[in-house]
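S.K.: Sequence:
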Amino acid sequence: MKKFLTSVLCLSLLFSCAELQQVVDSLPQAEGVLSNTDIAAGLRQALDLGIDKQVSKLTQEDGFFKNELVKIVLPEELQKVDNTLRKVGLSSLADEGLKILNRAAEDAVKEATPIFVSAVKDITFADAKNILLGEDNAATSYLTSKTQIELYSKFKPVIENSFSKVGADKIWTNLITKYNSLPLTSSVNPDLTDYVTNEALKGVYTMIAVEEKEIREKTSSRSTELLKKVFALQD
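With mature numbering (1 follows the signal peptide of the UniProt record, and there is no 0) applied, the sequence shown covers -21 to -1, 1 to 214.
Do not rely on the hints blindly, as some may be mistaken.
[As the list claims (entries may be wrong)] Heads up, simulated SDA-like pairs for lysine to any residue below, C-alpha to C-alpha not over 20 Å straight-line: (1) Lys181 x Glu90; (2) Lys45 x Lys66; (3) Lys36 x Thr156; (4) Lys32 x Thr126; (5) Lys36 x Lys66; (6) Lys50 x Trp151; (7) Lys108 x Lys89; (8) Lys89 x Asn140; (9) Lys59 x Leu77; (10) Lys125 x Asp27; (11) Lys45 x Thr126; (12) Lys100 x Asn116; (13) Lys66 x Leu48; (14) Lys157 x Asp170; (15) Lys32 x Leu180; (16) Lys59 x Thr172; (17) Lys100 x Lys125; (18) Lys144 x Glu75; (19) Lys50 x Val137; (20) Lys108 x Gln24; (21) Lys157 x Leu69.
Don't read these hints as lab results, they were simulated from the structure.
Input sequences plus hints: build the corresponding full structure.
M.R.: So this is what it looks like as structure tokens:
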């Protein structure tokens, strides 16, 4: 059986999708042989699992703030603001500023699931084959290419609204004003909305990659029979 599956995979690398379908259709339908539809469905399941298990965590309170993999810290040009405020006894203000950035990201990620669901539904057998036989983060890369532009446009207004809703604009104005009033400092005024939007996107794709790695490397993470069969092909 292992030799048989290997032969099917070799054929998939040599033929177009249409040609491969003809070859597969002509082969004996032995028990356990996966069709193109099965392989595509298995990859959809893997991505859905990543969205359900990992992305949903980011929408919860502290989903970003207490997750060191994705926690949003200050942009490089504001690191000195954070450090300086802590040195002069304003650590609580600095912490509040960081928390606000992460809360905005947590709000924004709630917009992601419908966009991901649409992208996952569109996976073709050619996509699935490339993902299955590709790099360890091939599924995550596929979702990134299909969703990044749309997610940015969805995330940014949510983050802007979140900043306004919780008074982030006032908090950051206060924080930066205090920093700029200190001696021997130069004024800073970064576009925090754009920064947090991009960091939120990075966090989403990071967590999907975590689940993809688990499924690829650990058979125990393949929670359905279809996942077990499909990812056995890449083992």
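S.K.: List in ascending order the numbers of the hints, as given earlier, that are violated by the structure.
M.R.: Of the numbered hints, 2, 3, 5, 7, 11, 13 do not hold.
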